[in-house]
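Engineer: Note that the protein sequences, when read in sequence, are chains A and B. No gaps in the numbering here: position 38 of the first sequence is 43 in this note's numbering, and each next residue is one more. No gaps in the numbering here: position 69 of the second sequence is 754 in this note's numbering, and each next residue is one more.
Since no wrong hints were added, every one of them can be taken at face value.
List time: in silico DMTMM-like cross-link candidates among lysine to aspartate or glutamate, alpha-carbon distance up to 25 Å: (1) K83(A) / D62(A); (2) K734(B) / E49(A); (3) K734(B) / E773(B); (4) K83(A) / E19(A); (5) K22(A) / D68(A); (6) K743(B) / E108(A); (7) K743(B) / D693(B); (8) K83(A) / D29(A); (9) K734(B) / E749(B); (10) K20(A) / E88(A); (11) K754(B) / D693(B); (12) K83(A) / D785(B); (13) K734(B) / E108(A); (14) K16(A) / E773(B); (15) K754(B) / E108(A); (16) K734(B) / D61(A).
Read the hints as simulated data drawn from the structure, not as lab findings. Note that this is a predicted model, so its numbers are computed, not measured.
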Amino acid sequence: GAGVSQTPSNKVTEKGKYVELRCDPISGHTALYWYRQSLGQGPEFLIYFQGTGAADDSGLPNDRFFAVRPEGSVSTLKIQRTERGDSAVYLCASSPTTGNYNEQFFGPGTRLTVL
Amino acid sequence: AQSVTQLDSQVPVFEEAPVELRCNYSSSVSVYLFWYVQYPNQGLQLLLKYLSGSTLVKGINGFEAEFNKSQTSFHLRKPSVHISDTAEYFCAVLRVNNNDMRFGAGTRLTVKP
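The shape of chain B in the complex, shown without the other chains:
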């Protein structure tokens, strides 16, 4: 089965600074990769996804992620964060032609003024 490791449980950062949220996965077969964001008391919202093709994926709210097959990583980046980016971020992996998406434990991003 596939698994996901989010290397940082909490990431504090100042407003307008760059940020990287790290994600590593494990799978013996091809996978799709996702980043979701969860704002307080709200459902999960898809930020971006990698299905195939270009390894650099751009998502909503200025976020992007790069799929690195050799390092089995899918790190999320944003060059300049805003206070409103404060939320919980989840990396997820789905085996191709499967249905049980596996999520990491989450990274809480806190943007300070």
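This is chain A alone, in the form it adopts within the complex:
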């Protein structure tokens, strides 16, 4: 079956612009996670959804970052007024459920470059 997909695979934008990054989780997975991976670093947790609601958004760096999952499936990470420091690979992962831990399945990521 299909894994987690993310679009676009690459996004180049200019400082100050608005961008949207999309994540399609594995069908039926209720939990969805966003991470940011800067060059030479491990992934950094941003936000976690259980169904449609953001159950934990403690990792979002500031209010320029926002994510939605309106129907409990596809999620969009939105970044306003992009800055050069936002350049990174944004990873999405999904999981069948949470609580008693289940494996997170990762997508290939979206590489965001802010010029």
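Chain A is fixed; fit chain B onto it per the hints.
Structural biologist: Positioned in the frame of chain A, the structure of chain B alone reads:
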């Protein structure tokens, strides 16, 4: 909060040699531990995980790891590596009943012929 330290940023090794990638963690509560592998231009793939029970965990591709609570370590080992094992390896920790997984900075394993 929990944290992870991967002690080696790069590990070069010859094919068929054994390898150990080191990982230490810090947490005030019980945790789950993971190793992920990332091949170039691909997503993270789970190698193995420790949730509870036996401290020696076996994963895919011949890898294994041992949870050592007293030393707060979760080192990854393979007795004989292949060229195809060349990749970035990430150790991660998740507090029990929590959702924000913390990753180490990664170890780049390069297997040379």
